[in-house]
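Undergrad: Whenever a hint applies, use it, and build me the whole structure from the sequences.
Chains as they are written, first to last, in this note's numbering: chain A, 1 to 548; chain B, 1 to 548.
The hints are simulated quantities; they were obtained by calculation from the structure and are not laboratory data.
Mixed in with the good hints there might be a few duds.
Where chains are identical, the list cannot tell them apart; a pair therefore holds if satisfied intra-copy or between any two copies.
In the DSSO-like style, the derived pairs of lysine-lysine whose C-alpha atoms are separated by at most 30 Å in a straight line are [what the hints assert, rightly or not]:
1. K358 to K475
2. K265 to K53
3. K448 to K482
4. K245 to K471
5. K482 to K422
6. K358 to K471
7. K114 to K35
8. K190 to K373
9. K358 to K448
10. K409 to K200
11. K482 to K471
12. K482 to K544
13. K358 to K482
14. K370 to K53
These numbers were taken from a predicted model, which means no experiment stands behind them.
There are 2 protein chains.
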Amino acid sequence: MVSEHRTADVSFDSLLRIFTVPEGPNSTLTQIEEKLSRNLNQFLREHIVAEEKPLIEIEKDFSNASIPEQPEFVSDHTQHLLDTLVSHSVHTSAPSFIGHMTSALPYFLMPLSKIMIALNQNLVKIETSKAFTPLERQVLGMLHRLIYSQDDAFYSKWMHSANHSLGAFCSGGTIANITALWVARNNALKADGNFKGVEKEGLFKAMKHYGYEGLAVLVSERGHYSLKKAADVLGIGQEGLVAIKTDSNNRICPDALKVRIAELKAQNIKPFAVIGVAGTTETGSIDPLESIAAICQQEDCHFHVDAAWGGATLMSNNYRHLLSGTELADSVTIDAHKQLYIPMGAGMVLFKDPEAMKSIEHHAQYILRKGSKDLGSHTLEGSRSGMAMLVYAAMHIISRPGYELLIDKSIEKAKYFANLIKEQPDFELVSEPELCLLTYRYLPPHIKGALASANIEQKAELNELLNELTKFIQKTQRETGKSFVSRTRLNPSQWDRLNTIVFRVVLANPLTGCDILNTVLEEQRQIAQQAPNLMAKIEALVEKVNAA
Amino acid sequence: MVSEHRTADVSFDSLLRIFTVPEGPNSTLTQIEEKLSRNLNQFLREHIVAEEKPLIEIEKDFSNASIPEQPEFVSDHTQHLLDTLVSHSVHTSAPSFIGHMTSALPYFLMPLSKIMIALNQNLVKIETSKAFTPLERQVLGMLHRLIYSQDDAFYSKWMHSANHSLGAFCSGGTIANITALWVARNNALKADGNFKGVEKEGLFKAMKHYGYEGLAVLVSERGHYSLKKAADVLGIGQEGLVAIKTDSNNRICPDALKVRIAELKAQNIKPFAVIGVAGTTETGSIDPLESIAAICQQEDCHFHVDAAWGGATLMSNNYRHLLSGTELADSVTIDAHKQLYIPMGAGMVLFKDPEAMKSIEHHAQYILRKGSKDLGSHTLEGSRSGMAMLVYAAMHIISRPGYELLIDKSIEKAKYFANLIKEQPDFELVSEPELCLLTYRYLPPHIKGALASANIEQKAELNELLNELTKFIQKTQRETGKSFVSRTRLNPSQWDRLNTIVFRVVLANPLTGCDILNTVLEEQRQIAQQAPNLMAKIEALVEKVNAA
Numbered sequence: 001m002v003s004e005h006r007t008a009d010v011s012f013d014s015l016l017r018i019f020t021v022p023e024g025p026n027s028t029l030t031q032i033e034e035k036l037s038r039n040l041n042q043f044l045r046e047h048i049v050a051e052e053k054p055l056i057e058i059e060k061d062f063s064n065a066s067i068p069e070q071p072e073f074v075s076d077h078t079q080h081l082l083d084t085l086v087s088h089s090v091h092t093s094a095p096s097f098i099g100h101m102t103s104a105l106p107y108f109l110m111p112l113s114k115i116m117i118a119l120n121q122n123l124v125k126i127e128t129s130k131a132f133t134p135l136e137r138q139v140l141g142m143l144h145r146l147i148y149s150q151d152d153a154f155y156s157k158w159m160h161s162a163n164h165s166l167g168a169f170c171s172g173g174t175i176a177n178i179t180a181l182w183v184a185r186n187n188a189l190k191a192d193g194n195f196k197g198v199e200k201e202g203l204f205k206a207m208k209h210y211g212y213e214g215l216a217v218l219v220s221e222r223g224h225y226s227l228k229k230a231a232d233v234l235g236i237g238q239e240g241l242v243a244i245k246t247d248s249n250n251r252i253c254p255d256a257l258k259v260r261i262a263e264l265k266a267q268n269i270k271p272f273a274v275i276g277v278a279g280t281t282e283t284g285s286i287d288p289l290e291s292i293a294a295i296c297q298q299e300d301c302h303f304h305v306d307a308a309w310g311g312a313t314l315m316s317n318n319y320r321h322l323l324s325g326t327e328l329a330d331s332v333t334i335d336a337h338k339q340l341y342i343p344m345g346a347g348m349v350l351f352k353d354p355e356a357m358k359s360i361e362h363h364a365q366y367i368l369r370k371g372s373k374d375l376g377s378h379t380l381e382g383s384r385s386g387m388a389m390l391v392y393a394a395m396h397i398i399s400r401p402g403y404e405l406l407i408d409k410s411i412e413k414a415k416y417f418a419n420l421i422k423e424q425p426d427f428e429l430v431s432e433p434e435l436c437l438l439t440y441r442y443l444p445p446h447i448k449g450a451l452a453s454a455n456i457e458q459k460a461e462l463n464e465l466l467n468e469l470t471k472f473i474q475k476t477q478r479e480t481g482k483s484f485v486s487r488t489r490l491n492p493s494q495w496d497r498l499n500t501i502v503f504r505v506v507l508a509n510p511l512t513g514c515d516i517l518n519t520v521l522e523e524q525r526q527i528a529q530q531a532p533n534l535m536a537k538i539e540a541l542v543e544k545v546n547a548a
Numbered sequence: 001m002v003s004e005h006r007t008a009d010v011s012f013d014s015l016l017r018i019f020t021v022p023e024g025p026n027s028t029l030t031q032i033e034e035k036l037s038r039n040l041n042q043f044l045r046e047h048i049v050a051e052e053k054p055l056i057e058i059e060k061d062f063s064n065a066s067i068p069e070q071p072e073f074v075s076d077h078t079q080h081l082l083d084t085l086v087s088h089s090v091h092t093s094a095p096s097f098i099g100h101m102t103s104a105l106p107y108f109l110m111p112l113s114k115i116m117i118a119l120n121q122n123l124v125k126i127e128t129s130k131a132f133t134p135l136e137r138q139v140l141g142m143l144h145r146l147i148y149s150q151d152d153a154f155y156s157k158w159m160h161s162a163n164h165s166l167g168a169f170c171s172g173g174t175i176a177n178i179t180a181l182w183v184a185r186n187n188a189l190k191a192d193g194n195f196k197g198v199e200k201e202g203l204f205k206a207m208k209h210y211g212y213e214g215l216a217v218l219v220s221e222r223g224h225y226s227l228k229k230a231a232d233v234l235g236i237g238q239e240g241l242v243a244i245k246t247d248s249n250n251r252i253c254p255d256a257l258k259v260r261i262a263e264l265k266a267q268n269i270k271p272f273a274v275i276g277v278a279g280t281t282e283t284g285s286i287d288p289l290e291s292i293a294a295i296c297q298q299e300d301c302h303f304h305v306d307a308a309w310g311g312a313t314l315m316s317n318n319y320r321h322l323l324s325g326t327e328l329a330d331s332v333t334i335d336a337h338k339q340l341y342i343p344m345g346a347g348m349v350l351f352k353d354p355e356a357m358k359s360i361e362h363h364a365q366y367i368l369r370k371g372s373k374d375l376g377s378h379t380l381e382g383s384r385s386g387m388a389m390l391v392y393a394a395m396h397i398i399s400r401p402g403y404e405l406l407i408d409k410s411i412e413k414a415k416y417f418a419n420l421i422k423e424q425p426d427f428e429l430v431s432e433p434e435l436c437l438l439t440y441r442y443l444p445p446h447i448k449g450a451l452a453s454a455n456i457e458q459k460a461e462l463n464e465l466l467n468e469l470t471k472f473i474q475k476t477q478r479e480t481g482k483s484f485v486s487r488t489r490l491n492p493s494q495w496d497r498l499n500t501i502v503f504r505v506v507l508a509n510p511l512t513g514c515d516i517l518n519t520v521l522e523e524q525r526q527i528a529q530q531a532p533n534l535m536a537k538i539e540a541l542v543e544k545v546n547a548a
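TA: Written as structure tokens, this is what we have:
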């Protein structure tokens, strides 16, 4: 409880005090907030990825499953949080934390997010959100326009229409993708004659009515894992998520897609949706969206673009051509908490056709009544926060040209890093950056030579040892705490599609300077020398290959 | 951009500035934050529900679908937000805003939420959350223990186990309910012989393998609308969500449940889950959970308890007996953003059996690798914020006895209000409060008398007029802006289950005093007199009934 005297009694009066807005700038809570801000600012300013403490040690601080019987003072608990939580958090906004899709955030979002927390609106219905509802509808309209470029008349007709929704704001890309496929599934299995639609009668009856043996969603083998979840949840089954092979640039092969669709149809399996990826999570590659759109039109498939990460590129007039064809999609996923630099929990799905979401519309007696403008009638989630206001604010304060500059600089930085890697004799760029994401590995020239000339068996063996090395370097670098790159497994065509572990780097943080990139490589090179046993094994195998 | 000089250029240097932590307490941003805090505190202190402005007028401020080409200064935009957004928001924390499940929040959550926003952790994986992952696991453990009361050994074995999860933290009760039914569906249609399980092969093949004609989830007719969404999404179909009739206290009739299960089985429809509601959204009623549990055990059904709203009652040793039987459930939904007083966006689902979530487990190459402690392998959502830390903090600062006091006071306040309504000759209590939620309507004694003695036709007609009156009072009161109650439609047994519109009140805000409750009734009484035409119609019909 907030109190100058350390009485830790539970009384209703002390409880009432904690629910009451503190008076004046000298309240205890204001002082706590100031201390907290100073501490957080210091944390954010220190460019260290994480103070290293083994997870098992950290878990000891979070091991008690009993809800405390004794209240703590706010000041004491704040200190406890700073000691046990903040100091052992990941500095996701550090300029050298380049392994995931996190970044530094525009600092003005910290004070502005107070509006969201303090007003605690619930966007499921107008009655608990009022102006936040039109605001969210405008944000959806802005993103819709960014993708589909409809005219003013379109938006003044649909944006605030009670019975329509241009999309859904949601907690993230996974829910956005599920929503898109939910809409696509329900439209593919809609009411027809005596059949009342899959939403009413369920998937089993729908399949029998339409006479299908199965359903399929097609996506490149680089599609996001959330699509497997979506296929599972929606009753399609993970096997119904059909992976199409990619070319050497990790882009879906349209011909292979066509062939697969024909095969599925021959088996009486309905391919009801194709997903184009605009920025794969692992390599940042963009599928040939126009070709996919043409195939979808021919085959009467829902065309969804998963642009959760890459969608923000549309903000740049210099690079939006990379996403050509997105405007042909029936639906598009964009995460604002990725390259729109909004805090975690801001995803969106947009639909080209304002009528598309009818197939998932729902109502209730006490809210979401027909004709209301309640956003909840078209969302998978129910109660939701006013997160859209942070997107709204960032759009206004940064503006489109500001976002353009951020996107452009990120792409240029990735090109710089790709060139830097290529200049190093002992590193191999595994995937070229299309946007600001690339992959590479440590591969000294003599090992590379051996890998190229080895026979199939030796090649696999050597590659496995290299995988171990890459893993070792990545883990050690993370644990050292100065910088962080992530790792994933690819099947590069230049290495006969062997299972290859690579470093993965995302360069979205505007504070990441070129000097950091140099340092990251130098550190990796040094760490490689800290695994003498592994290096000895590799060298022995290289010798064997060379002797053959 | 933050700047003393009003240059509104877009330059990379000015962009870098907005991503950089401001130095010192006199920065522009610190001043903006102080102004904002003052303004928000003032908003929160004024006990007015909402400044009234027609929605159509508000929409004009949010009508431009173009992303701005010109950046705004943070200070200008903050003022813009205060004018157009904050001033037309709903004061959900006002003591007289008693229509929905919102409340004032403990004020210490405002500064503490800074930690969440500033650190911007992503809970999908350890690599972007570190200490936040064990913290969230502890919060899930605490809620699990609150429900299931397992011993220390249980929690030290399972709480931090890499391959297990005691539940899932999610954005809200809807996702929690969907997750529970997803798990239940997948366990009911699990791998068996050559069949690889519904998650792999999909619902159609699963049904054929198991030889079912349909699937069913049973819940009382008062179940939350999110369950319809869940049935739709999961491919069961809304018709597979079977509504069971309730008794005069809005509780499911166990005998009717048994009969319906038998009927479904006779039709070869598999009832794979039954949902008990612990606090219905419309009436706050609690189903007889122990009876449902016994039926579920007999019928081998998954037993889910939707305690999204009522679950917090378990915190009170004085009232937790009301939820007896919750501990027998296979899964339980609890929303922390309802009666645990956490900001919007904090739902949870807990599973009795630590192995239960295996049926929805998923992995990917770059994260959620097998054996990692990444929370993302057991959640429907992907990227998620560190919201669990606010639950953790509130548990420690308020403590269980503090929550107990809050819960007890809310229930007692509802009893007080119920008695107050009963004492008024011109109001009718429609549903008694079991927790802190009740429904009632304005019904002067002579109209009540006529309604009781009218013939079927007249009764329906009079009731419809009363519905119009209730609706008019509720809307006018909301628009007047001093207080807010919501409305819903019930079928009270005392009125032959006629479709009856009622006022709905939730008394969870500790700042709501008894004086406010008196005022709400007085205001409603006065508003009733502002509808002379409607009142005249009612009086004419009453006269007709009395003359007959």
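Undergrad: So, for every hint listed, does it hold in this structure?
TA: Hints and how they fare:
no.	hint	in the structure
1	K358 to K475	between (48 Å within a copy, 27 Å between copies)
2	K265 to K53	neither (54 Å within a copy, 55 Å between copies)
3	K448 to K482	within (28 Å within a copy, 75 Å between copies)
4	K245 to K471	within (26 Å within a copy, 59 Å between copies)
5	K482 to K422	within (23 Å within a copy, 68 Å between copies)
6	K358 to K471	between (48 Å within a copy, 27 Å between copies)
7	K114 to K35	both (17 Å within a copy, 12 Å between copies)
8	K190 to K373	within (24 Å within a copy, 41 Å between copies)
9	K358 to K448	neither (56 Å within a copy, 41 Å between copies)
10	K409 to K200	neither (49 Å within a copy, 42 Å between copies)
11	K482 to K471	within (17 Å within a copy, 62 Å between copies)
12	K482 to K544	neither (37 Å within a copy, 85 Å between copies)
13	K358 to K482	neither (50 Å within a copy, 36 Å between copies)
14	K370 to K53	between (54 Å within a copy, 22 Å between copies)
Against the hints set out earlier in the document, violations occur for numbers 2, 9, 10, 12, 13.
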